[in-house]
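Chemist: Residues per chain, in single letters:
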Amino acid sequence: MTLNPIFPLRSKFESRKEFMEYLGDMLTHSYEERKEMAPPSEETRGRPPELKTYIMESNNSRPNIEAVTTLEAEQIPTNLPKISILVLKYAARFTHFYVDTSDPRFFVLYSNDLAEFTDLHYDRLVSSTANKFDKTWFPTETLDEIVHLEGNKFRGFGLAFTDRFSTELEEEQPLQELTMDVAGSISEEALYALNERKNLRRSLSYSKIRAMRGDREAFVTDDIRYDGRLITKSGDSVDDHVSLVEATKKIYRNLVEKVEKNSIGTKKVEDRTLIEGQAFDFVLQRKIENLDTFLDYFLNPTREFRLWGLRNKISENRRQIVAVDLHTGDPFDLEITPSLIRIYLPKGTCGNVVLRMYVNLQHTFDSAIRFNDEKMPFV
Amino acid sequence: MNYVIGMCKNHKDWICVLNNLGYDISIIEQRIRTSSGEAIKPDIIVTSNKLLHSLVFECKGGITVDTEQLRRYGTLTENDFRWVNIYTFDHFHFDVCIADIQKNHSAVVVHVKNQFPIITFGNEEVFKTGKFDEKKLDTVFENPISLKGKIPPLSYYPFCEEDEKAYIIPFVMRGLVSIAVKKAKGGSSVLERELITRDDIIEKVFNPVFKTLSRTHQRQLKEKIKKVIHLLLSREETKEALGIIESRAGYKISNALGKLMKETEKVAKQFETQQFLTDFP
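The listed protein sequences correspond, in order, to chains A and B. Quick note on our numbering: the first sequence kicks off at 1 and runs consecutively. Quick note on our numbering: the second sequence kicks off at 1001 and runs consecutively.
It is possible that some hints are incorrect.
As the list claims (entries may be wrong) - Derived lysine to any residue pairs resembling SDA-like cross-links, with alpha carbons at most 20 Å apart:
no. : chain 1 : residue 1 : chain 2 : residue 2
1   : B       : Lys-1269  : A       : Arg-311
2   : B       : Lys-1136  : B       : Ile-1118
3   : B       : Lys-1211  : B       : Ile-1118
4   : B       : Lys-1252  : A       : Lys-249
5   : A       : Lys-313   : B       : Gln-1220
Everything labelled a hint here was simulated from the structure, so no lab data went into it. Remember, predicted model here, so these are calculated numbers, not experimental data.
Just chain A, same shape as in the assembly (with noise of 0.2 Å):
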């Protein structure tokens, strides 16, 4: 049973150009249905499914599809190298995807099966203990400045914060959940009237940006997600999405290579060993009341954090925590004041836990919060 019979599964394109025209009608089919709005089926829904393009990161040298026990698994090649079909399939019900895995760190899977299913399929595959993925995690001013890059063009946003770290020892609680939708041309000013309202700022976290790219003869616009998943919302031109999907990852690249460049390890010169890098210092601008509920959430394994941690209590103010980021097993060691998280990332730790932290709070702490007391550094 496959979702999308009207898109059979090829294995065999005479080239990349074949592959990437195959995917433009799988672009050009979800936008032309949708123009047409397509009558209600059991199917499809109601709505047409769009094209969504998932950036993984994969810390695997060979990743281990068979051993995956979150769902069922299956990698089938293809006969382009780099290009593979992969077909999940989680309470009766598949998903397909074309993975790209010319970047050896950073998967590009694409489908336009339902998104209902493709995200959750992807989640639990992301979440294999088998193997060391994570999802790519982008900061809200990261989406800000890809939004603005070069021939692209603001189109929209979505916000979502939820509070998961209120206590009842609060006095405010000036913001427990927000989430919306804002599209169209003019959409960055109910941006500028929201950042102007200063009891939101700490909640104004992206959900996704919506972006442009082209011109009038060639266009797409694409939702770019804070988790690293791009959904074409209209436009037919494949070249100009997967240019946004290089262009996306690409930053993320330098995002987390400059976090590992700056991570804390020992250099031979000559015939001595010195130690190099820094810790990284998460300053927070909304105080953590209580340390331990605090850590209770941060440090659960089944949390968006995906950490685990033994703590020590330096004093009343003060936890010094020896962690495992889960979705590699790297040690790595944080210390947690109310103002401050500061972060201890060994050389050859990967990266992403910093960046997923980061961002995972700022969508459920602190939207306002800042890496080394800047913004997120934008390369």
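With chain A fixed as given, assemble chain B onto it according to the hints.
Modeler: This is chain B only, laid out in the frame that chain A set:
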């Protein structure tokens, strides 16, 4: 050690006075034979290429001062800095400096007398006793520097072989969990004892500054870590929980991780005599 390393970094919430003068960490706990044949083992040497100057630190967390050791420091000359990376040894100079904490300062200063300058970390401020040969350091520390609102780093140098078992146990347990999680992703088993006590594993998993330590120190530290590994892996509950993590049974992992947290607390309690971490006064 961590406070001194932190001063060579650029943290907003800690003092970066040494960083501002261009100092960076050269070596940690390296035994050095001086020209007169004496052996010293400074805790840390930091060097500034800007000032062509090294600061040789002896860090005192307690009140014990080895006066014989201080005498040996007095035999150090510019010719003995072969372990240090410096732009040029022309006009190179150095200071030996004691770093201590305020509650022990009055006992330390009695032994040190005026032999070397002392940098003292208190609750509210850091201050200098004595004089540096390097004038810029004297200027920077001329008046006490406020530590109000400052957050000293504690984890650049996580632990050493002198730390008590109760303190080391969480670091070692974390290392075992790290290996177990990696095993699920295609690595080696945490129960392969020979593997997990290899130097590279110890450095990666247990203590990232392992490589910077002297060979003697590495050996001592490794022995201590091995003893704690043996202690933890002799417990059936620990082995069982680690086995579950290795097995990739995703839905059971969070329970297993919870169990390991409790195991750590239980085992550490048995050895608790040392206050956790630095008793920052």
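Chemist: Compare the structure with each hint and give your call.
Modeler: Consistency of the hints with the structure:
1. Of the supplied pair hints, the one linking Lys-1269/B and Arg-311/A holds, its CA atoms being roughly 14 Å apart against a limit of 20 Å.
2. Restraint check for Lys-1136/B and Ile-1118/B: the C-alpha separation of about 15 Å stays at or below 20 Å, so the hint holds.
3. Of the supplied pair hints, the one linking Lys-1211/B and Ile-1118/B is violated, its CA atoms being roughly 28 Å apart against a limit of 20 Å.
4. Between Lys-1252/B and Lys-249/A the CA atoms are separated by roughly 34 Å; this puts the pair beyond 20 Å, and the hint is violated.
5. Note on Lys-313/A and Gln-1220/B: the hinted pairing is violated, with a Cα-Cα distance of about 27 Å set against a maximum of 20 Å.
The earlier numbered hints that this structure contradicts are 3, 4, 5.
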